[in-house]
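Trainee: Take the sequence shown: its letters are residues 1 to 276, numbered as in this note's numbering.
Hints should not be assumed to be uniformly reliable.
What the hints assert, rightly or not - Once the Cα atoms are required to be at most 20 Å apart in a straight line, the calculated PhoX-like pairs of lysine-lysine come out as:
no., residue 1, residue 2
1, K134, K118
2, K205, K134
3, K118, K205
Claimed, not checked - Label pairs and their calculated CB-CB ranges:
no., residue 1, residue 2, range
4, R64, Q90, 52 to 62 Å
5, H89, D9, 25 to 35 Å
6, N149, Q90, 53 to 63 Å
7, D62, G240, 33 to 43 Å
8, D75, T120, 24 to 34 Å
9, S251, R64, 46 to 56 Å
10, L223, L8, 24 to 34 Å
11, G116, F40, 34 to 44 Å
12, H98, R243, 46 to 56 Å
No lab work stands behind these hints, which were simulated from the structure alone. Where a beta carbon is used, it is the ideal one built from N, C-alpha and C, also for glycine.
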Amino acid sequence: MIAHPVILDVSRELARQVAWLLQSERRRGTRGGTRVLTCFWQAVLGLRWFRHRADPERLGRDHRLSRATAYRYLDDVIDVLADQAPDLHQAVKQAHEHDMAYVILDGTVITTDRVGEKTTSVPGKTIDLWYSGKAGEHGGNIQALSAPNGFPLCGSDVEPGSTHALTAAREHALGALYAAASRGLPTLADGGYEGTGIGVHTPIKQPPGNQALDADNRTYNALLRGLRSLGERGFALLTGRWRTLQRITASPSKIGSIIQAAVALPHLEHRRPETR
């Protein structure tokens with residue numbers, strides 16, 4: 001065995017904030033002295049999993065925990081972080097308070113291990129529930145709102161990968177976005193959300209046949225694409241910073257909580273100490 005030092009490239013302040021959340025949760029129902037790790041080191045365990053996609057069994061060995069305890073401690077970290085993530089209504093309120101000109105709706109499929117659960121498609125065919133034909137892989141469909149600069153505002157609960165983006169948006173986002181649009185906060189989205197409704201702006205489709213878009217419509221699409229380009233970095237920022245999102249090996253039903261926990265992390269990183 002060769003021992004070597006490892007640096008976790010997150011701030012100590014972030015680890016302390018996660019530890020504070022864990023400590024608050026422990027006060028509710030955990031007897032003192034019954035935990036193997038302190039709240040701080042449990043926070044480090046969880047942040048290592050998010051940051052480096054470390055295997056929970058390896059984390060357990062590093063922290064001298066059993067396999068079951070490592071998984072339980074990791075679930076604790078995910079749960080307390082997910083509780084801190086803004087929901088859709090809070091995200092819209094935050095956008096209003098910060099005078100954002102618009103928000104950006106985007107969706108992605110978070111890759112997961114192959115899942116054999118079946119369902120029946122609209123045409124009546126039997127398909128894999130968690131397989132996304134668009135992404136070409138198994139995963140969970142997540143909808144998210146981003147600020148114009150790409151900062152992630154909120155993430156939705158998970159839908160199976162076979163769910164269309166527009167269907168998932170109707171389930172998790174559109175009601176609040178229509179209300180926000182009526183108060184002057186529009187939403188920008190890509191062509192996959194065409195037909196979403198008033199207040200959600202999508203590109204104008206190319207006419208059928210050999211017809212071309214007129215100059216005004218081409219200009220509209222170019223401006224919309226330019227405004228969306230920065231905001232659609234939201235998922236890239238999350239998956240690049242918190243690498244466990246690049247492929248989740250936990251139950252697909254947990255993807256929503258994991259995404260919400262990951263969304264909470266940049267909010268904690270950018271939160272001023274006096275606002276805690």
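Trainee: Can you tell me whether the CB distance of S251 to R64 sits inside 46 to 56 Å?
Mentor: violated, 26 Å
Trainee: Between D62 and G240, does the beta-carbon spacing fit 33 to 43 Å?
Mentor: violated, 24 Å
Trainee: Given the hint that K118 pairs with K205, test it: the Cα-Cα distance must not exceed 20 Å.
Mentor: violated, 33 Å
Trainee: Within a Cα-Cα threshold of 20 Å, do K205 and K134 meet the stated pairing?
Mentor: Holds, at roughly 19 Å.
Trainee: Could you say whether the range 34 to 44 Å given as a hint is met by the Cβ separation of G116 and F40?
Mentor: holds, 40 Å
Trainee: Between the beta carbons of H89 and D9, is the distance compatible with 25 to 35 Å?
Mentor: At 33 Å between Cβs, range holds.
Trainee: Using the beta carbons of N149 and Q90, state whether their distance is inside 53 to 63 Å or not.
Mentor: violated, 18 Å
Trainee: State, for the Cβ atoms of H98 and R243, whether the hinted interval 46 to 56 Å holds or is violated.
Mentor: violated, 28 Å
Trainee: Looking only at beta-carbon atoms, does the pair R64, Q90 fall within the given range of 52 to 62 Å?
Mentor: violated, 39 Å
Trainee: Return holds or violated for the Cβ distance of L223 and L8 against the range 24 to 34 Å.
Mentor: violated, 42 Å
Trainee: Just to be careful, I want the Cα atoms of K134 and K118 compared with a cutoff of 20 Å; is the pair within it?
Mentor: Holds, at about 17 Å.
Trainee: Starting from the hint 24 to 34 Å, judge whether the C-beta atoms of D75 and T120 obey it.
Mentor: The hinted range 24 to 34 Å holds for D75 and T120, with Cβ atoms some 33 Å apart.
In summary, the structure is inconsistent with hints 3, 4, 6, 7, 9, 10 and 12 from the numbered list given earlier, while agreeing with the others.
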